[in-house]
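Could you build all of it, start to finish, from the sequences and the hints given here?
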Amino acid sequence: MPRKIQTRDSLTVYFLILILITVFALWFKSLEIESNRQQAGITILSLGIVLLAAYVFSRILKITKLPLITGYIFAGIIAGPYITGFLSVDDVERFRLVDDLALSFIAFTAGGALHLQSLKKKSRIILFNVALLTIVVFAIVYLFIISTGRYFDFINTLSSTNITVFAILLGVVSVARSPSSAIAIISECRASGPFTETILGVTVVMDILVIIFFTFAMTIGKIVINGSEAVYYTALTGLSLEILASILIGIVLGKGISIYIDKAGHDLPLFLLFLAFGVTRTSLWISDFTETHFNIFLHLEPLLICMSTGFTVQNFGSGGKIFMESLDRMALPIYVLFFSLAGASLNIESLIICWPLALSLVFVRAGSIFLATWTAGTISRDPSIHKNNAWMAYLTQAGVAIGLAQLAQRQFPEIGSYLTTVVLAVISINQVVGPITFKAALNIVKETGRD
Amino acid sequence: MKIFFSFLLIIFLAFSGYHLSFRNFRLPLFARKFYLTGTEFLFLGLLLGPQFLNILDDNTFRGLEPLSALLLGWIGLLFGFQFEISKLRRFPFEFFIAAILEGAMTFLFVFFGVILFYKSGLLNTNLSGPTILIVALTLSAAAACTAQTGVVLLASEKVAKHRQTVKILRYISSIDGLFAIVIFGVTIMLRPEIYSGSPLVNWLGWTTFISLSACAGLLMLYILFFTQRREESELTLVVIGMVMFTSGASSVLNMSPLFTNFFIGFCLVNLTREKEKIFNILVTIEKPVYLLLLVFLGRSWQLSSAWIIFLAAIYCIHRAAGKITGGFIITRLGPALKLQPSNLGFGLLEQGGLALAILFDYHQNFPGDITAQVVSLALLAIIYNEFLSPNFLNRLLKDD
Chain C
1 MPRKIQTRDS LTVYFLILIL ITVFALWFKS LEIESNRQQA GITILSLGIV
51 LLAAYVFSRI LKITKLPLIT GYIFAGIIAG PYITGFLSVD DVERFRLVDD
101 LALSFIAFTA GGALHLQSLK KKSRIILFNV ALLTIVVFAI VYLFIISTGR
151 YFDFINTLSS TNITVFAILL GVVSVARSPS SAIAIISECR ASGPFTETIL
201 GVTVVMDILV IIFFTFAMTI GKIVINGSEA VYYTALTGLS LEILASILIG
251 IVLGKGISIY IDKAGHDLPL FLLFLAFGVT RTSLWISDFT ETHFNIFLHL
301 EPLLICMSTG FTVQNFGSGG KIFMESLDRM ALPIYVLFFS LAGASLNIES
351 LIICWPLALS LVFVRAGSIF LATWTAGTIS RDPSIHKNNA WMAYLTQAGV
401 AIGLAQLAQR QFPEIGSYLT TVVLAVISIN QVVGPITFKA ALNIVKETGR
451 D
Chain P
452 MKIFFSFLLI IFLAFSGYHL SFRNFRLPLF ARKFYLTGTE FLFLGLLLGP
502 QFLNILDDNT FRGLEPLSAL LLGWIGLLFG FQFEISKLRR FPFEFFIAAI
552 LEGAMTFLFV FFGVILFYKS GLLNTNLSGP TILIVALTLS AAAACTAQTG
602 VVLLASEKVA KHRQTVKILR YISSIDGLFA IVIFGVTIML RPEIYSGSPL
652 VNWLGWTTFI SLSACAGLLM LYILFFTQRR EESELTLVVI GMVMFTSGAS
702 SVLNMSPLFT NFFIGFCLVN LTREKEKIFN ILVTIEKPVY LLLLVFLGRS
752 WQLSSAWIIF LAAIYCIHRA AGKITGGFII TRLGPALKLQ PSNLGFGLLE
802 QGGLALAILF DYHQNFPGDI TAQVVSLALL AIIYNEFLSP NFLNRLLKDD
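Chains as they are written, first to last, in our numbering: chain C, 1 to 451; chain P, 452 to 851.
Read the hints as simulated data drawn from the structure, not as lab findings. This structure is a prediction, so every number in the text was calculated from the model and none was measured. Hints should not be assumed to be uniformly reliable.
[What the hints assert, rightly or not] Derived pair list, reagent style DSBU-like, types lysine-lysine, alpha-carbon separation capped at 35 Å:
hint, chain 1, residue 1, chain 2, residue 2
1, C, K446, C, K121
2, C, K120, C, K321
3, C, K222, C, K321
4, C, K62, P, K728
5, C, K321, C, K121
6, P, K849, C, K29
7, C, K29, P, K738
8, P, K618, P, K728
9, C, K65, P, K728
10, C, K62, P, K726
11, C, K29, P, K789
12, P, K726, P, K849
13, C, K255, C, K321
14, P, K726, P, K612
15, C, K263, P, K738
16, P, K728, C, K446
17, C, K263, P, K789
18, C, K446, C, K65
19, P, K789, P, K618
20, P, K738, C, K321
21, P, K726, C, K65
22, P, K538, P, K849
23, P, K789, C, K255
24, C, K263, C, K121
25, P, K612, C, K255
26, P, K538, P, K726
[As the list claims (entries may be wrong)] Partial list, computed: chain C residues near chain P (C-beta under 10 Å):
hint, residue
27, I33
28, V50
29, A53
30, G149
31, D153
32, N156
33, V336
[Claimed, not checked] Some residues of chain C that are not near chain P, with every Cβ distance over 10 Å (derived):
hint, residue
34, L47
35, Y55
36, I78
37, T84
38, G85
39, E93
40, L158
Where a beta carbon is used, it is the ideal one built from N, C-alpha and C, also for glycine.
What follows is the structure in structure tokens.
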């Protein structure tokens, strides 16, 4: 059958499916829920609908050459609280478990995708990129807010001190990117090569560093606002210990997985799913437990644990290939659920409230990323096709940035809500645009379809 | 947090237990049998439940309800996939009739037994008529189903020696739950608790119409999904989404996820080209799903009164009588069946997967004290059968 007719047939089928799913969704939403069993039914039904609808939506968008995760995100936005309201804010919150699980699973993949040997080879370029992305993006965003803050209605009521702290925190949050989106795009495009490896290395390293920078930023913010010089040495020591502990736990788990692969090996995807779930929930429980019982806030970072686990299995054991294949087998349902729920949780309301500032920030951030990656590429003598297009791979932003903004909201109640609103609005744009530009970059450097 | 930890523990135990039970465990036959059916997971559920550790307390269990619907859906879909008409046709039609008849006979034996028992007033329970009817239907539906474990465990030389008998035992035990699941599905759909108060005929008609429309719509949706060939990962996604969708829709519409998914599975296996691939996906996590079900059921087990032990024995004997009578009758049906020993029912006493799923579905739909007692009774009977059935099977093969 000619390709055009086949595509048309597929589109017809997909549209029919979407219509049917919509009819079902409308029907079930109109029903009165009386019992716990029905409530549980609605929960699982919503997940099923989101899973199937996001998958179909992504297939339709695939025809337009857009990345699949854009389809998942769009489906989530449409199903979410701000467009059709099929998923309420409470629903999205209820699915946080799925979200955490998926994120841990993706972190396994991120760690497993890093090959020590190629990292060693690329250490120079990765180092330059990390350093410049951090300094340049932070500096430009900070200066932009300081110099233009008073012109934006949304924040012009803040005092100059608060604007300074706002600029510092926003500068650091702008440095954060989304490893999950990067992994999903790389996996979808089956991309590999020097460009992909650099992007992945930089993204993963920055994911760790941004947490440290953010702690510094909060310390400085406290000094600016309170005028005190109580530098959070304890907090910094605590943070270092947390990071170290997370990495160590990851190494132990990685070794455990390697042994499991060697000795047993069967049903690895199920085993990994269990482990991902265990890591996420146990980390949270340890935080809660130590805070409640010992008044110590020990925050183990599940993402870091899983990345470290994946990295250990890939580089210090014989089961790296099997490990990655197993992750790949479970990847699709996990990506679809994760990104569609991420879409549903995008805060469109925030975007409406502060769109001029958010849009300006998106452009400023993109520009500063371009400057940083171009400079890093020039210093390390990267091919011009790489250095000219690398910025497109770093636009995506998601969970980490939101988490940091929420953390800041607790520490700085005066500016917290402004910061969260702007960050959510910026992420809403970057999470939609980022995957598209990343896929385009991979296509331009011709590193797709190689794996 | 408790929900997450319970979930974690259960998944871990189910997963590891699956490997212990179904993979690398080598024990004497008696113990192997015990482990192979995963019966120990009933005890694990009991341990985790409110009667002992209380890790799986009521709140936690309610939080895990979506998972329960998913488990039931998965088992239902898998059972539906056993009814591929082209494969069933490879066997004489009289085998099919025999399997249904044997299931129906056992069902009726137990059904009237339970009704008579309650009506006799031996037990002062003050149950209403509809409740007694539902209890009787559930117990008889669970009784009608046969598990294949005993036959699967037979040594290969025995299988070779009794090829024909083993063949028919496998056939019957794989499909004799049909009658039970249909009756049970209809019971859940038309249960009195959801009766709206409108004229009975109108309500029955409307409920049937809604249920059939929902099933037809779901079926249409899934068939559309399977009109195109998909990669395995995409198919996995569609199957997971499909079970979630169907199970959720069933719960919302007060239908049985087990029955609805069975119906969808039956239709899909006969209508789609991707049936083999879908079946493989379903089978991949069949065992962990089954063991999770055992844990959940074990949690609901109540061993508060000793009389349940005797009642379970009576239920077990009644079921055995139904199976043996059913087996006797079907060996009089046609030429191929007449070649079988008249005590064929001895090989059909094992009670497993589908019966457990029916009990769990009942437990989810009718929460209450009587439900816990009924489930406890049936679970005990299942354990009795675990001990009895190998001896009866051996006797059958000796006589063959």
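A quick look at each hint next to the structure:
A hinted pair counts as satisfied when its Cα atoms are at most 35 Å apart, and C:K446 with C:K121 qualifies at roughly 21 Å. This hinted pair checks out: C:K120 and C:K321 have alpha carbons roughly 20 Å apart, not beyond 35 Å. Proposed proximity of C:K222 and C:K321 is contradicted: the alpha carbons are some 47 Å apart, above 35 Å. Taken as a hint, the C:K62 and P:K728 pair is honoured in the structure, with Cα atoms around 24 Å apart against an allowance of 35 Å.
Annotation: proposed proximity of C:K321 to C:K121 holds, straight-line Cα distance about 21 Å (limit 35 Å). For a cut-off of 35 Å, the pair hint linking P:K849 to C:K29 is broken: about 60 Å separates their Cα positions. Among the hinted pairs, C:K29 with P:K738 is consistent with the structure: their alpha-carbon atoms are about 34 Å apart, no more than 35 Å. About 25 Å separates the Cα atoms of P:K618 and P:K728, which keeps this hinted pair within 35 Å; it holds.
A hinted pair counts as satisfied when its Cα atoms are at most 35 Å apart, and C:K65 with P:K728 qualifies at roughly 28 Å. Taken as a hint, the C:K62 and P:K726 pair is honoured in the structure, with Cα atoms around 26 Å apart against an allowance of 35 Å. Between C:K29 and P:K789 the alpha-carbon distance is near 55 Å, which puts this suggested pair outside the 35 Å criterion. In summary, the hint linking P:K726 to P:K849 is not supported, as the alpha carbons are separated by about 38 Å, beyond the 35 Å threshold.
The straight-line distance between the Cα atoms of C:K255 and C:K321 is roughly 15 Å, inside the 35 Å bound, and the hint therefore holds. Restraint check for P:K726 and P:K612: satisfied, since their Cα atoms lie roughly 33 Å apart, inside the 35 Å limit. Between C:K263 and P:K738 the CA atoms are separated by roughly 21 Å; this keeps the pair inside 35 Å, and the hint holds. For the hint pairing P:K728 with C:K446, the CA-to-CA distance comes to about 34 Å; that is within 35 Å, so the pair holds.
For the hint pairing C:K263 with P:K789, the CA-to-CA distance comes to about 50 Å; that exceeds 35 Å, so the pair is violated. Annotation: proposed proximity of C:K446 to C:K65 holds, straight-line Cα distance about 15 Å (limit 35 Å). The hinted pair formed by P:K789 and P:K618 meets the criterion: a straight-line CA distance of about 14 Å does not exceed 35 Å. Simply put, P:K738 and C:K321 have alpha-carbon atoms about 26 Å apart, close enough for the 35 Å limit, and the pair holds.
For a cut-off of 35 Å, the pair hint linking P:K726 to C:K65 stands: about 30 Å separates their Cα positions. Simply put, P:K538 and P:K849 have alpha-carbon atoms about 30 Å apart, close enough for the 35 Å limit, and the pair holds. A C-alpha spacing of about 61 Å is found between P:K789 and C:K255, which places the hinted pair above 35 Å, so the restraint is violated. For the given pair, C:K263 sits about 32 Å from C:K121 by alpha-carbon distance, which is consistent with the 35 Å threshold.
Under the criterion of a C-alpha separation no larger than 35 Å, the hint pairing P:K612 with C:K255 is inconsistent with the structure, at around 49 Å. Distance restraint check for P:K538 and P:K726: the Cα-Cα separation of roughly 12 Å lies within the 35 Å cut-off, and the hinted pair is therefore satisfied. Of the supplied interface hints, the one on C:I33 holds, with its beta-carbon coming within about 7 Å of a beta-carbon of chain P, less than 10 Å. Nearest Cβ of chain P to the Cβ of C:V50: about 9 Å, under the 10 Å cut. The hint holds.
For C:A53, the interface hint holds, the least distance from its beta-carbon to any beta-carbon of chain P being 9 Å, beneath 10 Å. At about 41 Å, the closest approach between the beta carbon of C:G149 and any beta carbon in chain P exceeds 10 Å, and the interface hint on this residue is violated. Annotation: C:D153 was flagged as interfacial toward chain P, and the flag is violated, the nearest CB pair being 42 Å apart, outside 10 Å. Taken as an interface hint, C:N156 does not check out: its beta carbon lies about 43 Å from the nearest beta carbon of chain P, beyond 10 Å.
Because the closest C-beta pair between C:V336 and chain P is about 6 Å apart, less than 10 Å, the hint holds. A cut-off of 10 Å between C-beta atoms contradicts the statement that C:L47 is not in contact with chain P; the least separation is 5 Å. The beta carbon of C:Y55 is not kept farther than 10 Å from every beta carbon of chain P, the shortest such distance being approximately 6 Å. At the 10 Å boundary, the C-beta of C:I78 stays outside the reach of chain P, the nearest C-beta of that chain being 17 Å off.
The claim that C:T84 lies off the interface holds: its Cβ sits roughly 17 Å from the closest Cβ of chain P, which is beyond the 10 Å cut-off. Annotated as non-interface, C:G85 keeps its C-beta farther than 10 Å from every C-beta of chain P; the closest such distance is 17 Å. Look at C:E93: its CB is around 14 Å from the nearest CB on chain P, clear of 10 Å, so calling it non-interface holds up. With a closest Cβ-Cβ approach of about 38 Å to chain P, C:L158 is found to remain outside the 10 Å limit, as its non-interface label requires.
This entry does not satisfy hints 3, 6, 11, 12, 17, 23, 25, 30, 31, 32, 34, 35, going by the numbered hints stated previously.
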